[in-house]
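Q: Chain order of the listed sequences is X and G. Take the first sequence: its position 35, counted from the start at 1, is 35 in our numbering, and no numbers get skipped. Counting from 1 along the second sequence, just add 1000 to a position and that's the residue number in our numbering.
Treat the hints as calculated values from the structure; they're not laboratory data. Take the hints with a grain of salt, since some may be wrong.
Distance windows between CB atoms, simulated [what the hints assert, rightly or not]:
#	chain 1	residue 1	chain 2	residue 2	range
1	X	Gly25	G	Ser1137	55 to 61 Å
2	X	Leu253	G	Met1001	57 to 63 Å
3	X	Asp229	G	Arg1206	29 to 35 Å
27 Å max Cα-Cα, derived DSSO-like pairs, lysine-lysine [said to hold, decoys possible]:
#	chain 1	residue 1	chain 2	residue 2
4	G	Lys1192	X	Lys192
5	G	Lys1381	G	Lys1322
6	X	Lys155	G	Lys1192
7	G	Lys1322	G	Lys1296
8	G	Lys1103	G	Lys1322
9	X	Lys103	X	Lys2
10	G	Lys1103	G	Lys1192
11	G	Lys1155	G	Lys1103
12	X	Lys155	G	Lys1381
13	G	Lys1322	G	Lys1192
14	G	Lys1155	X	Lys192
15	X	Lys322	X	Lys296
Keep in mind it's a predicted model, so treat the numbers as computed, not measured. We treat Cβ as the ideally placed atom computed from N, Cα and C, and that holds for glycine.
There are 2 protein chains.
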Amino acid sequence: MKSDELFALLRRRGVLWPSAEIYGGAQGLYDYGPLGAALKRRVEEAWVAWFPGLSHDYYVIEPAEILPEAVVRASGHLENFTDPEITCEQCHASFRAETVLEKVRPEGVDGLSPTQIAEIVSARQVRCPNCGSAALSVPRSFNLMFGMDFGVTGKERAYLRPETAQGSYLSFARMWDVGRRALPLGIAVVGKAYRNEIAPRQLLFRMRAFTQAELQIFFDPATFPVPFDSVRDERLPVLRVARRSAGEESPELVSAGDLAASGGLPEFYVFHLVHSFRFFRDVLRYPADRIRLFEKSDAERAFYNRIQFDIEVRLESLGGFKELGAVHYRGDYDLRRHSEGSGRDLSVTLSAGTKVLPHVLELTFGVDRNVWALADVHLVKDGERTIWRLPPYLAPVPVGVFPLMAKEHAAYALRLSDDLESQGISNRYDEAGAIGRRYARMDEVGTPFCITVDGRTLEEGPDRDTVTLRDRDTRSQERLRVTDLVARLRPALVAPRPRRA
Amino acid sequence: MKSDELFALLRRRGVLWPSAEIYGGAQGLYDYGPLGAALKRRVEEAWVAWFPGLSHDYYVIEPAEILPEAVVRASGHLENFTDPEITCEQCHASFRAETVLEKVRPEGVDGLSPTQIAEIVSARQVRCPNCGSAALSVPRSFNLMFGMDFGVTGKERAYLRPETAQGSYLSFARMWDVGRRALPLGIAVVGKAYRNEIAPRQLLFRMRAFTQAELQIFFDPATFPVPFDSVRDERLPVLRVARRSAGEESPELVSAGDLAASGGLPEFYVFHLVHSFRFFRDVLRYPADRIRLFEKSDAERAFYNRIQFDIEVRLESLGGFKELGAVHYRGDYDLRRHSEGSGRDLSVTLSAGTKVLPHVLELTFGVDRNVWALADVHLVKDGERTIWRLPPYLAPVPVGVFPLMAKEHAAYALRLSDDLESQGISNRYDEAGAIGRRYARMDEVGTPFCITVDGRTLEEGPDRDTVTLRDRDTRSQERLRVTDLVARLRPALVAPRPRRA
């Protein structure tokens, strides 16, 4: 499906829609409806089970979304978190310089100064993408943070966090103090980040308010031991800088062992790249051949990132590979800057007595983008209808409970529905229409299992009652005891966890 | 425990701490550590199971936190969401007028104009609460919303939502369209709200960023049927306006039936008041004799609220009753204002053909305040130690898994820990120190169940292995089969749900 068609479908189903719709919408803001909110929550839970699940020493915290000015000054966001912006003086539309130069400079404008961009605009006689006018402004650096007055004086400024990571860095000292005082120490945050994008577009891919899931792993640069043998033979679809320079866009399969041995990447980095790849392939179940691990070059990545691979997935709706997550080796940049900014030395003394300023390995994940990708990849057409083949533990409504005939079987089915809820199995009761239509409705919202109560259920004795269980993907039905339902359903509804390191 | 002592304890344990602590903190902002974030999440989940669980037609959505200016103009927040503020011209401290007048006017300043407040300050020769100076400024209306530039032009303004409710109102039309097109329809939001408080104080009770859980029930004012008989005999601890006027501060027990029959309250209102009361008593397990349902007078409640009872709980740490939730009957205010503001008629046509502008019943809940209250009420001292007697389904770490002796039993216990996780039972593995100390550590963080693997476990045959299960509150230990663990633990770890209406 094309992007517009998919969005229209999701909107019609109440998965998501433009925020403040009745006021004509608010650019770059979206609301999640009941199905979307449930799906998003389950994606977040699956991420938490997987990434913080990598170690007993990785924790999830919930820091505030508002940052005092001193924090974003130290982090560099106040100065550098900018995007070159160009306004058309004819039609008054604003654009990212990258968009204006899309055709003449497809490799983007990263690393160019406003002056250099202005020269290209002039030399190539670039025109407004909207009205075609040549009256384009000189580019200016536009800071993407939302700033606001904090407190009553009008003198204090604060900012909505442009990334969740800052909360982890700010909390490192406290987490060290209350914890085991050992490295590595992981601090994860799942929450909103905010960017005043110049030109929000591509729906959930450039939003002004969006949800990130990020794990910051603080480690001793001298040693970050990982059980590398457990991943050594995993073959990763990498697209490295050298291969890109040769004009290739498709990845090649390289084993983790080779990436570390001859590929020049540290084992700890490759280990986490493997686990990130596995999350996309095994948990979100994107087909392996639609995933590539895209290495960023020196010019493309932020100056403090020493190594960066984006995890990209090919999306039909957006016509190409899109970044859905990444693994950044950020060195000591973050704790060094906050040590300087706060005046508090964030280096720690290890049990061996050595003092070290921890380095950071950052695993990032765009929650909204992945909600979109889960629709793009798993929503398949079946004639007039659609089936949303979501992994069962991500389904907004994991179970449907139906009486075959409302009149006769409703009481039993309602009791069963409540009973499943009280055992933590979320479900939807539905008695409306023919059973085939009810299956179809649940297929559309991605429900993997439907339970039907029928005449036989009521005839059987206590503890021997049976129901049918219908599988979304195979459409097979089996008869099983009500008392066995929970044990049967539960394993499919818990998101996978990695073997712990 | 006093407030400071309790906060110091929670901070030491990594439950929560001031945000941006290494920068000296940011007034009114707090970060939740691992235990706090987990507790908060479970409180939110319990709220969702209970309130949206009241009906099949109540849904949870996740709308954006940023509101365009047109929305807050229509809702009245741009004009009216203000607090009178007074600055001391000597020491430059800012205060809410209510705080400055605390001693001379304990009933507060609701409904007074800045001029009236200025007259009281002058007549009573009120002085600065901070430095004692008489140089107090004339009060000004200070808008509590955080406003910011939206987009690149500098002309468009947006605001952080001051309450989650607006997202539900804005989504009503879309939810009507995608749903059953019937009333009542409930739309719930759990998420952040933001207020630029003049003087944040009392820790989690007046924050600048905080989490609300709110359910907006849209209903036909002509009929809002509820199964009132199911609550008729519930006796509620109410403190009504008439009783308050007589100087009483303690509630009296009145049955739901009497409140509706002779008390002049609509049955739909009392029904939801009962369910709110039950949530605080039965789910959060605040002792019934510390709860009161505090009716707000005409002068105290917002002008659009027709009926308002705050649910208050007596907290030792804060020396009195504190509002932790409320039930507001808001009439048609919200949809009428947004119909006018957006130009879209938000009235709906019911199946009978009648056209109606729905009324709103709002159930509110302060998540952070309740996290605090759960510490205040359930954290009890036991000699040098503390035991956090949280309801099991709210415990940040519901289960502890220990090997009796690390050397011999660790492998089995680790496998059991992973196995429980894969069945959705969150737990912490601990092998450090004597078993009694491990129990004590788990008692402190509120873990209700500890499982110990010992010599006997390993001796028993497949499927017959047993472990000990220790209960936090009774300290009793029982021996049970590993295969029976999940079935035994699960019911205690799922938050209660109400009988559905």
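Q: For each hint, tell me whether it holds in the structure or not.
A: Outcome of the hint check:
1. Gly25(X) with Ser1137(G): 55 to 61 Å: violated (41 Å)
2. Leu253(X) with Met1001(G): 57 to 63 Å: Holds: the Cβ-Cβ distance is about 59 Å, inside 57 to 63 Å.
3. Asp229(X) with Arg1206(G): 29 to 35 Å: Once the Cβ atoms are compared, 54 Å apart, the range 29 to 35 Å for Arg1206(G) and Asp229(X) is violated.
4. Lys1192(G) with Lys192(X): With Cα atoms ~10 Å apart, Lys1192(G) and Lys192(X) stay inside 27 Å; holds.
5. Lys1381(G) with Lys1322(G): Holds, at roughly 22 Å.
6. Lys155(X) with Lys1192(G): holds (25 Å)
7. Lys1322(G) with Lys1296(G): Cα-Cα ~14 Å, so holds.
8. Lys1103(G) with Lys1322(G): holds (19 Å)
9. Lys103(X) with Lys2(X): holds (22 Å)
10. Lys1103(G) with Lys1192(G): violated (33 Å)
11. Lys1155(G) with Lys1103(G): violated (44 Å)
12. Lys155(X) with Lys1381(G): violated (44 Å)
13. Lys1322(G) with Lys1192(G): holds (20 Å)
14. Lys1155(G) with Lys192(X): holds (25 Å)
15. Lys322(X) with Lys296(X): Status holds; Cα separation ~14 Å.
Checked against the numbered hints given earlier, this structure breaks hints 1, 3, 10, 11, 12; the rest are met.
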